[in-house]
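Visitor: All chains, please: the whole structure from these sequences, using the hints.
Protein sequences, first through last, are from chains S and Z. Its first residue numbered 1, the first sequence is counted upward by one per residue in my numbering. Its first residue numbered 1, the second sequence is counted upward by one per residue in my numbering.
By construction, these hints were calculated from the structure, which means they are not laboratory data. Some clues are possibly wrong.
Claimed, not checked - A few chain S residues that face chain Z, going by a derived Cβ cut-off under 10 Å, partial list only:
1. Gly60
2. Val65
3. His76
4. Ser81
5. Ser84
6. Glu85
7. Pro96
8. Val99
9. Arg105
10. Arg107
11. Asp119
12. Ala123
13. Asp127
14. Asp132
15. Arg144
16. Ile152
Keep in mind that this is a model prediction, so the values were computed, not measured. We put the beta carbon where it would ideally sit given N, CA and C, even for glycine.
Listed below, chain by chain, are the residues.
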Amino acid sequence: MSSPPAREGPAGDAAGRVPPYLRAQLPAVAGQGPDRADAQGVRPFVLTAGRVSGDAADIGLETQVTVRPAGPGGPHVPVASLASELRAIVALCDKPVSVAEISARARLHLEVTKILVGDLWAAGYLDVHAEDLSEFPSPETILRVMHGLRAIS
Amino acid sequence: MGYAPSPDRSAPPVPVKILIAGGFGVGKTTTVGAISEIAPLTTEAEMTAASVGVDDPGARTGKTTTTVAMDFGCVTLDETLKLYLFGTPGQTRFGFMWDDLVRGALGALVVVDSGRLDDCYPVVDYFENAQIPFVIGVNAFDGVLLHQIDEVRWALAVKDSVPVVPFDARNRVSVRDTLLMVLDKALDRAMLLRRS
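Guide: What follows is the structure in structure tokens.
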């Protein structure tokens, strides 16, 4: 029937002779390894096809993104045929929206969001309104921010 | 007759940002929420962290990346200008390299709990070195300051030019006025840069 208790011991069976750091790999047969399709959640690098930095390096947290209007520069493939994460991003950009907001509302890691937004820009779905962030804001801009803030009560 | 382009209704506003920095639980999200027109949102971001010589036997320059949750909100100032407030975590064991985050920032409000000043040292160091205009806001929990402002300034050992002010993170007007002090410092810096 069942194995004698001794065989359950660390040195008694096959698993017992495998170093602890390799034991986790033992059941890595088809359908059970890390590639199984029913895994909870998708790893970020799957969404970005393994890339860790995007094409549009100037995308910041506050960078504004909008849907690109239909026209010569627009996409060749309808939005409906995109992956669900990409469709969700395009849907969020109906009105001007920041990259940080896209990340929060689409529940995607910020870095992943930046890469996907860069892809959607390159493919003609989105316009990315990148600002020059290398210069400190001008006194005029700061005065406008102060003016706007003072109006809040 | 000249053609005057009408403002494009779909044109996005110019975004500007102020960082709300400080240690865990000092009231960063409360500060953001007090003035933001949207309920604070959370994004998960990668940050490069340089460990500051804690239990580091080798001469490795220990740089690792850590995922942190960042709360943020925004204020539409007018049709063409939108202010974003990013609550940025500071942890005592890491000197975060916020280069990505501070790029283009107007300045920072460092939120301090006077009972736990340790939490904010790395943040203050970072902004001083990076020459980011900043103000230290001592959050008066329940309207009560645990320590005198002078004591806090002494303990933090910041330059006299850095304002250390009490504020109430739950109060919109108090947060607004503290942000205006950050903008005053930002204006000083912008004028200085223009003259040079």
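Visitor: Are there hints from earlier that the structure breaks, and if so, what are their numbers?
Guide: 3, 4, 5, 6, 11 and 12
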